[in-house]
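The residues making up each chain are set out below.
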Amino acid sequence: MDQAPTARLLVIIPALNEEESLPQVLADLRVAVPHADVLVVNDGSTDRTAHVARAGGALVLDLALNLGVGGAMRAGFRFAQREGYDVAVQVDADGQHDPADLQRMLDALVAEQADVLIGARFAGRGAYAVRGARRWAMTVLAFVLSRIAGTRLTDTTSGFRAANRRAIDLFAAEYPAEYLGDTIESLVIACRAGLRVRQVGVEMRPRAGGAPSQSPVKAAVFLGRALLAMLIALSRPMTEREVRR
Amino acid sequence: MSGYAFALGACVLLVGFLVVLLRTRRLREKYAVAWIVVGVGVCVFGAFPGAVEWLARVVGVQTPSNLLFALALIVLLLVCIQLSAEITTLEEETRTIVEEVALLRLDVERALLRSVAGDAELPLPADGYSPLDAAAPLDGVPADHVGASLDPAAPGDGETSA
Chain A
16 MDQAPTARLL
26 VIIPALNEEE
36 SLPQVLADLR
46 VAVPHADVLV
56 VNDGSTDRTA
66 HVARAGGALV
76 LDLALNLGVG
86 GAMRAGFRFA
96 QREGYDVAVQ
106 VDADGQHDPA
116 DLQRMLDALV
126 AEQADVLIGA
136 RFAGRGAYAV
146 RGARRWAMTV
156 LAFVLSRIAG
166 TRLTDTTSGF
176 RAANRRAIDL
186 FAAEYPAEYL
196 GDTIESLVIA
206 CRAGLRVRQV
216 GVEMRPRAGG
226 APSQSPVKAA
236 VFLGRALLAM
246 LIALSRPMTE
256 REVRR
Chain B
3 MSGYAFALGA
13 CVLLVGFLVV
23 LLRTRRLREK
33 YAVAWIVVGV
43 GVCVFGAFPG
53 AVEWLARVVG
63 VQTPSNLLFA
73 LALIVLLLVC
83 IQLSAEITTL
93 EEETRTIVEE
103 VALLRLDVER
113 ALLRSVAGDA
123 ELPLPADGYS
133 PLDAAAPLDG
143 VPADHVGASL
153 DPAAPGDGET
163 SA
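Sequence lines, in order, name chains A and B. Just remember that our numbering sits 15 ahead of the position in the first sequence, which is counted from 1. Just remember that our numbering sits 2 ahead of the position in the second sequence, which is counted from 1.
Next up, chain A with everything else stripped away, as it sits in the complex (with noise of 0.2 Å):
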């Protein structure tokens, strides 16, 4: 528990029509967590998310259309920003991901100075497994990113993240609401501003519904955007906010 207790602590739930879900998430992470605040960003449901938010005790951003994942981050990292918050964690809101993990990654936050750590299926832990070509998409993935960070990486398609003061200033500004910009863009923007990028390994729970497709075109075809869309955020010009540093 290297935490400090005043530290203050925000858990960003992006959530599109989950109502079945998010109920048990929130209780899950007040029996995790209890010392966090926690905000669901209800990025435009057509069902009750937002009243099922409120009604587990959460702060609830109800954004007016579907931004996607990107936008309802950069919204929870703007509120985070403003309220002082020293560290915003992701969690997703279909129960993927377990918040028991939480504490041992915001101990590894401290413990290995990281801006970002990533909460990291394939990391040595759990049982989650993704077989096939998408398998295969996501080694190429890690591989590249790995490099770039200059750590290794094994799952940067994880939403399980946290970050600190620096990173969610930096991603309160710049936090791209392309497919796929909200894992792998952003972690190359954390990269390029000279943030410092870890991971833990975690288990990850299987998801309450719809399996990952394990078709091979399908995985080439995300191979594929997700290259383009990191080849692109590297090739983007410094902004001045990353150069500052």
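It is worth saying that the hints were derived from the structure and are not from the lab. Treat each hint with caution, since some may be false.
[To be verified] Over the 12 Å line for every Cβ pair with chain A, so calculated as not near, a few chain B residues:
1. 6
2. 9
3. 18
4. 28
5. 32
6. 54
7. 57
8. 62
9. 70
10. 71
11. 80
12. 88
13. 93
[As the list claims (entries may be wrong)] Distance ranges between label pairs, derived from CB positions:
14. B/77 / A/232: 32 to 42 Å
15. B/90 / A/122: 18 to 28 Å
16. A/232 / B/31: 41 to 51 Å
17. A/243 / B/81: 22 to 32 Å
No residue lacks a Cβ here, since even glycine has one placed at the ideal position from N, Cα and C.
We have chain A already, so just place chain B on it with the hints.
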């Protein structure tokens, strides 16, 4: 020769139409400039067909009409790119506004709750309804639920937010 007259007339009409759109502010100047340049250019070519033949000789195109087609394609391509860029800007602006509105909404909700509770420590409504629900019911929330829940949870709140 009548073909040239037709082309010339069409171009004059086009430029006139653009000017009307501009004057009624249905077209912003930054989009109209490209079209006006094109319209004037085509007017010139329509009035002096020899200019095209001269230009084709200068740039080394054998058939003058092909030069016109090529130029037209290039102009359309550039306009499409300009529009894509503008849409990108618009989407980014929309995104920023949506985020900002959501942040403001949360601020207003908390301010309302605070004023109702008269307490700096903010209590969240246990029933899950926002104090703003009466003003703007959420999708999927039956209207009678909204009204029913507001009364016991936050007396007087309905008037504040309505």
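Hints, one by one, checked against the model:
no., hint, in the structure
1, 6, "47 Å, holds"
2, 9, "43 Å, holds"
3, 18, "38 Å, holds"
4, 28, "25 Å, holds"
5, 32, "23 Å, holds"
6, 54, "40 Å, holds"
7, 57, "37 Å, holds"
8, 62, "35 Å, holds"
9, 70, "36 Å, holds"
10, 71, "32 Å, holds"
11, 80, "22 Å, holds"
12, 88, "17 Å, holds"
13, 93, "8 Å, violated"
14, B/77 / A/232: 32 to 42 Å, "38 Å, holds"
15, B/90 / A/122: 18 to 28 Å, "41 Å, violated"
16, A/232 / B/31: 41 to 51 Å, "47 Å, holds"
17, A/243 / B/81: 22 to 32 Å, "25 Å, holds"
When held up to the earlier numbered hints, the structure conflicts with 13, 15 and fits the remainder.
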